[in-house]
Amino acid sequence: MHALTLPERGHFDEMLLQSGAVRSQYQGFSEWLQAQSPEVLHRKREEANQLFHRVGITFSVYGDDAGAERLIPFDTIPRIVPAAEWQTLEVGLKQRVRALNAFLHDIYHDHEIVKAGVIPAGPVFGNAQYQPMMQDVDLPDRIYAHIAGVDIIRHADGGCYVLEDNLRVPSGVSYMLENRKMMMRLFPELFARHAVAPVDHYPALLLDTLRKASRVANPTVVVLTPGHFNSAYFEHAFLAQQMGVELVEGRDLFVRDDHVYMRTTAGHKRVDVIYRRIDDTFLDPLAFRPDSLLGVPGLMSVYRQGKVVLTNAIGTGVADDKSIYPYVPAMIRFYLDEEPILSNVETWLCREPEQLDYVLRHLPELVVKEVHGAGGYGMLIGPAATRAEIDAFRARLIADPAGYIAQPTLCLSSCPTFVEGGIAPRHIDLRPFVLSSGQDIKLVAGGLTRVALKAGSLVVNSSQGGGTKDTWVLED
Amino acid sequence: MKLAIRHETVYRYDSPARRSTQTLRMTPRDSAHQRIASWRLTLPGPASAHVDGFGNAVHLMTLDAPHEEIRLLAEGVVETQGGGWHDDAGRLDPRVFCRATALTRPDDAIRALARAAADAHPAAPLDALAALSAAVLAAMPYTPGRTDAATGAAAALALGAGVCQDHTQVFLAACRALGHPARYVSGYLLNDDADHAASHAWAEVWQDGAWHGFDISNQRAPDAHHLKLAVGLDYLDACPVRGVRLGGDGERLAARADVRPLEQ
Amino acid sequence: MMLSRTADHLFWMARQMERAENLARLLDVSLAVSMLPQSRGGSADIAAPLALTGMLETYLDRHDAIDARRVLHFMAYDSANPASILSSLKAARDNAHAVRGKITAEMWMSINATWLEARELAAAGGDFQGFFDWVKERSHLFRGATHGTCQRTDAFSFIRLGTYLERADNTARLLDVKSQLLGREDDDSPDYHAWSALLRAVGAFEAYHALYRDALSGRRVAELLLLRPDMPRSLRACFDEIRKWLERLESDNGRPAKRLATELQAALAYSTVDEIFAEGLHPYLTRMLGDIDRLGGTVQRAYLEAA
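The listed protein sequences derive, respectively, from chains A, B and C.
Quick note: the first sequence, position 234, residue 234 per the numbering used here, numbers continuous.
Quick note: the second sequence, position 106, residue 106 per the numbering used here, numbers continuous.
Quick note: the third sequence, position 13, residue 13 per the numbering used here, numbers continuous.
Don't read these hints as lab results, they were simulated from the structure.
Among the hints, a few may not be true.
[Claimed, not checked] Below, computed lysine to aspartate or glutamate pairings styled on EDC-like, alpha-carbon distance capped at 16 Å:
no.	chain 1	residue 1	chain 2	residue 2
1	A	Lys307	A	Glu338
2	A	Lys269	C	Asp176
3	A	Lys442	A	Asp136
4	A	Lys307	A	Asp136
5	A	Lys94	A	Glu338
6	A	Lys269	C	Asp252
7	A	Lys269	C	Asp94
8	B	Lys2	B	Asp108
9	B	Lys2	B	Glu263
[As the list claims (entries may be wrong)] Heads up, incomplete: computed chain C residues facing chain A, CB under 10 Å, no partners named:
no.	residue
10	Ala7
11	Tyr59
12	Ala68
13	Leu304
Each residue gets a CB set at the ideal place from its N, CA and C atoms; glycine is no exception.
Chain A on its own, in the form it takes in the complex (with noise of 0.2 Å):
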């Protein structure tokens, strides 16, 4: 027997209901694990970090030693998502991937949305993010993030909201699928009981959406890494290896007769797609930060050539930007004609006076976040900050608006996670992984659930103690 601790009241747990009861789709997995002794799920969950520090799925850490690399915590109670529900999901992310892409290939071409005035030019054209260098290319099927990996949150009242849409070089992928793995190896009873939609063709899917993504009839794809010591370097590897391509650095590559070459034992070989994990400005010393040893010279001119595909497109980071963030409804409505299937986390954009007034007033409240932050840092959570770390906040607002937007403080859902000291629940979001050609746009079933361990933690990123989940979507 297992003690669940209930639910913290006012959130909205994934298996339990405040009264103890146990939602539907979880209720298989309760049977199964009120029949598990501890000691056996303990030894399990011992054997689960074994076999992942063997294989090597670690990351280094941000600010620790040089190369140092740590484990993300895996937990081993599934995060589920029913079937119905899960349908949803997806026809949302489809439709907001669309109306991103569509959004893209407009700001870098005729400028509509911003013509019609549906978003103010500023944060596009103002935006760092924005590369001039990608006005008028004209890219295969104008898809610009061929892979999307979407933040979705549920809040106290059951419905799920988009937090953030990544399309610059989503990560996390690798393990929805060495997570999947893992239960599948820890405990192939359960996949007996239930029907989990299955994940491990997403190499598959990502390698089709990259051979779509170039005109050229059988193209050769690599993965662009920026080398073993990037914190993600295990995922790029990882994904050449399961798509059977070669796993490049800037330095395997170079550009010569408008195109590019990657150096092999047999001479040079050309290549057309390249999944690139490298942020923009260090592609191509010619074109952004002379001082990039991690790109390929010339690379943007062939690029501007339409001579290779880089995906994702140079220049989509201004799409994921917090400051567009609040108009990607507007921008689905706008390119669509369609009403957004996905909600948005109500934001106050700080560059508007009188949202800035009101975010002042309400800070204790709030949750801040600097509009080109990312991986949890420099925000500010208003109930869980100290009046002297509000005030310190507030001067930096003030000194600098535009920089800023913020939200309620949203109560993501919390799901039972081995604690120590029994089972505990646990703060938890979701990033699904959408990928795009002129076609179709696909997502395998599933995603990284992704769990801040600390209690009443709301933070769940990685790189701040967050944890990892197996995610199964039931099917019918």
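Starting from the known structure of chain A, fit chains B and C onto it as the hints suggest.
Leaving out everything else, chains B and C in the frame of chain A:
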């Protein structure tokens, strides 16, 4: 005015470079201001032509056999008008040119310069910009050799010295601090003064739906003596040669641009 | 076909692993010799690892005297010494890490676990003998994991090339240093302990006695370690392998490397120990080391240069 241009750039290396990749913005584009009668690039290796996001003509050149020298020659004849600047607004939204770059990041001194000029002409932005242009040159008289291609605007202003590139970048940083879209222009200038290089840089500021030119180093508006090669956010976007090489220690650069008027 | 950089990492992964093993072998023997009385060459021998790896000066910068324990520690556990066993294991592991997706999970686990454990053993600074045995064992394990799980593609060929080039270099260097320590190289006067130490370092002690059934002589040791094709650490055996693995690489750009390897292999296959001693063992080995270096450079340029 009919101008003949000959621009030769030679890089030499103490030890051979194994590979070089360069982007060249050495080809002027046709506009109402300038009609290209003839233009030719003579390059040591294969180059492909394309147009960049700013609308500049760019050649990408790659050399992959070891070389101790790179010799680039651009020459041609161009007919210029006094005006005609307004027709090359390009497809980019001008507000793109509001951002600071590494070379044009303003500091307090630049902001103060900007503020003083704006405050002096609160109702006349173009007058304020002219005052700003004068203030920039006064604060950093033309002095070759004190700055280089990597010197940022704030550092150059602090030195109190610079060349056209520095004047332009300080001016751009100040304009953008005031919220005006402003861009870097690289080009040639027909000049009687032999001390000044014929390769030149100036600025354009977006006001009332058009780009207005400011030749800060010469305190004048660009005219038929000016020939535009490329525009961008700063020197790096617009400069005639930007390159990366492997090997090739001890680079020495010799560049010479001659612009002379042709008899009508 | 594979990325040049990948081939480079695989090649150096194998070289560094082989280097760690060779160093463990050498230090193992140095340790044994250091226990002998001074008169039998104890201290000169303990300096050999420093000379062999070119680290004598670095060592003397940090230590005032050549002392067995300190030398062993410097060459085995010191992470600040780029030529130490620990550093080689780290370099091997880092190279493997860089091509994590190109080696099998078992190879990765083996080499990664070796590094993790080596770090702990070095930090604990435990008994040397046990550490050297452990290093040899881990090297065997990695070689076994490679042999047993790695697909026979070009990747395998580059791993093998790295192993045998390193081994050839090591054998030649070892023989050179030892024979110089022993004085005149053509002197057949038996110095039992020194020669047996050398043979044990390359695991050829038993083989020598099985083959020659005779007292140890420099000439025979040299023959065994240079020319015998059936001795896995002899130069001849190494070059047989190098030539074989180079031949398997398909591509035109490797012709200079293949030609050089074939020349060197043929020279070894058709040489006699008398010819070598007529030239002089030291000049011969100096020339050989130059050739090995040249071959390494040729392979590097033909296949591995990512820059």
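To see whether the hints hold, each was checked on the structure:
{"no.": "1", "hint": "Lys307/A to Glu338/A", "verdict": "35 Å, violated"}
{"no.": "2", "hint": "Lys269/A to Asp176/C", "verdict": "43 Å, violated"}
{"no.": "3", "hint": "Lys442/A to Asp136/A", "verdict": "27 Å, violated"}
{"no.": "4", "hint": "Lys307/A to Asp136/A", "verdict": "15 Å, holds"}
{"no.": "5", "hint": "Lys94/A to Glu338/A", "verdict": "12 Å, holds"}
{"no.": "6", "hint": "Lys269/A to Asp252/C", "verdict": "14 Å, holds"}
{"no.": "7", "hint": "Lys269/A to Asp94/C", "verdict": "26 Å, violated"}
{"no.": "8", "hint": "Lys2/B to Asp108/B", "verdict": "43 Å, violated"}
{"no.": "9", "hint": "Lys2/B to Glu263/B", "verdict": "8 Å, holds"}
{"no.": "10", "hint": "Ala7", "verdict": "5 Å, holds"}
{"no.": "11", "hint": "Tyr59", "verdict": "26 Å, violated"}
{"no.": "12", "hint": "Ala68", "verdict": "33 Å, violated"}
{"no.": "13", "hint": "Leu304", "verdict": "8 Å, holds"}
In terms of the numbered hints stated before, the structure departs from hints 1, 2, 3, 7, 8, 11 and 12, listed from lowest to highest.
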